[in-house]
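Visitor: Chain by chain, the residues run as shown.
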Amino acid sequence: MGRYFRRKLLIYLLTFFAAVSINWMIPRLMPGDPIRALIGRAALRAEAADKVAEYFSRIYGLDQPAWRQYVNFWTSLFKGDLGISIYLSPKPVTQVIRDSIPFDLGLLIPAILCSWIVGNKFGAFAARRKRLDGIVLPIWYVFTATPYMWLAILLAYVFGVLLGIFPIAGAYSFAISPSLSISFILNYLKHWFLPFLSLFIVQLGGWAIGMRNMIIYELEADYSRYMESLGAPRKLIRRYAFRNAMLPQITGLALQLGVIVAGAVGTQVVFSYPGIGYLLLQAVMYKDYFLIQGCFLFIVIGVLIANFVIDVIYVIVDPRVRHGMGGETA
Amino acid sequence: MKKNEFLYFALRNTRMQIGLGIVLFFFAVMIIGPSLTDYDPNEYSGPAFARPSEDHWLGTTFFGQDVFTQIVYGLRATFIVGAVGGGLATLIGLIVGFIAGYKGGILDEILNMLTNIVTVIPTLALLIIIAAYLPYRGVVSQSIIIGCIAWPWTARAVRAQTFSLRSREFVDLARMSGMSSMKIIVQEIAPNMLSYLFMALILQFGGAILAAATLDFIGLGPTEGISLGLMMQNAVLWSAIPLGLWWWALPPGMIIAAIVSALYFMNTGLDEIFNPKLREM
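Protein sequences, first through last, are from chains A and B.
Going by the numbering used here, the first residue of the first sequence is number 4, and it counts up by one from there.
Going by the numbering used here, the first residue of the second sequence is number 1058, and it counts up by one from there.
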């Protein structure tokens, strides 16, 4: 078990290190000068622009040698300083992101868990049931092939505009301010439902397909056949198959997290839902580089933490890893 | 003889037929579409937000651009991203997977670690940070970036397969006869997983299309020209949904969903063709 966690932690540390380094390197490698681009929008005269550019270079420490800049980058990162947002100027990037995190988690965690659980159950149920399988499998394939934002657009159009049941923008009405009252919570849930549903449906397909294939594979395995020959009830065999098929699905959840986060970006943009995804769109539109970099780091950190949680769960679920007997360690 | 057998089953497989049919249909639309329309994709060619009519088959946008024309030209970007991005991702995945799986040892450790790191980093976040700093973005450069980031799962799968093939007798025999590693990989190992490689390419093709759509949608698409993701972005930004301009907001994403599901169908179809156990009798 120790080896398993050491290996995982090493990967996460290296990933974090790589992510921060990329974050530092890319603005410096890319053609064009972000500071110039920034000043360009202020439409200053040439001499004035030069002065301002020089000033900003000094402020951001861009006149120092590269290695020094790199060290500075890490130190300010550990102080929680990610710069000042330009789009929401004078707010620090850290605070802007912190404000949007509750909305992100409130949307993503239920959507991921619900779709994973329902998808697994449903996929396991449909496997080896010829008629049902023939009907639902193509539907699931369409679900997983659907771009997240398109499903969001479709749901917003049908339920928000045509039927007018659900609101299609924001996390709550502008008329009320966040509080713990019943009316606010109801309002929040009403805004939350469509983004949740669109994330839920797209992910559902993938989990169901994965589980269906795994169950078919497990039912072909020797232990299933052996139990069958002993006359064990089908239900029992399927239950064992399900437990075995769960393990790759847990690994799959860890692998899919990045994709899901990406999907959430699209969904949030469609519904103007104030999470990191929507923030990212604003940052891109306003060329707010500090904010883009901050969002990138936060997404990476979030995915790493979630990966680690899944690793711990994996150890709890799979006794082979716990006792150092191999199992799936990749 | 063997090839004919595959072709026979391929053309009889329903999923393959449906999937290939849909993909070919949109490919044909991309090819002959431009000759069916009199407009330019970004030209302000008609009245603003007109419903679908004889002049504008799929209506017009908020600015009076022809939606059908935009789709026809946007499809080009979609297929380029799929072919270049998906192809590159498969190629890198292959190279990494073959080397790691066949050579083993320290090289395998390093490549495996690299694969794990790129797997864990959220792909889109990485794409965003790279794309955000590129002042000029074309469809091809977008595809290359996607290809350079999407390879890990192919590498993983190829490595695992190579690993199991490496100790088979025919590979041992080839090694004993003095063939170089490169030659063994290309002549002995690769042909044995050809079906698998083909399927990986199809999945990467679809994955690249979806990734590009998301990038376009948050404003990091091609700086010139048009793509389906860009159309969706414009539709959402200019309130096509609250205004009820369904002919602008819905078709682009629907086409992406159709093409990618068709590719997935082809993939399951191929699975049945190459894997006789799954064939329906």
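Note that these hints are calculated values from the structure, not bench results.
Any given hint could be a false lead.
[Unchecked claim] These stretches of chain A come out as covered by chain B in the derived footprint (C-beta under 8 Å, 3 or more residues): (1) 15 to 25; (2) 76 to 89; (3) 201 to 211.
[Unchecked claim] FRET-style restraints, in silico, Cβ to Cβ: (4) B/Ile1089 to A/Gly137: 28 to 38 Å; (5) A/Ile185 to B/Cys1205: 44 to 54 Å; (6) B/Phe1227 to A/Arg10: 49 to 59 Å; (7) A/Leu135 to B/Ile1201: 27 to 37 Å; (8) A/Gln72 to B/Pro1104: 15 to 25 Å; (9) B/Asp1097 to A/Ile168: 50 to 60 Å.
[Unchecked claim] For lysine to aspartate or glutamate, the following EDC-like pairs were computed, each having C-alpha atoms within a straight-line distance of at most 20 Å: (10) A/Lys238 to A/Asp136; (11) A/Lys133 to B/Glu1329; (12) A/Lys133 to A/Glu50; (13) B/Lys1240 to B/Glu1226; (14) A/Lys124 to A/Asp136; (15) B/Lys1160 to B/Glu1226; (16) A/Lys290 to B/Glu1281; (17) A/Lys133 to B/Asp1229; (18) B/Lys1240 to B/Asp1229.
Everything numeric in this text was worked out from a predicted model, so none of it was measured.
Backbone N, C-alpha and C define an ideal beta-carbon position, used for all residues, glycine too.
Visitor: Of the numbered hints stated earlier in the document, which are not met by this structure?
Guide: 2, 3, 6, 7, 8, 9, 12 and 17
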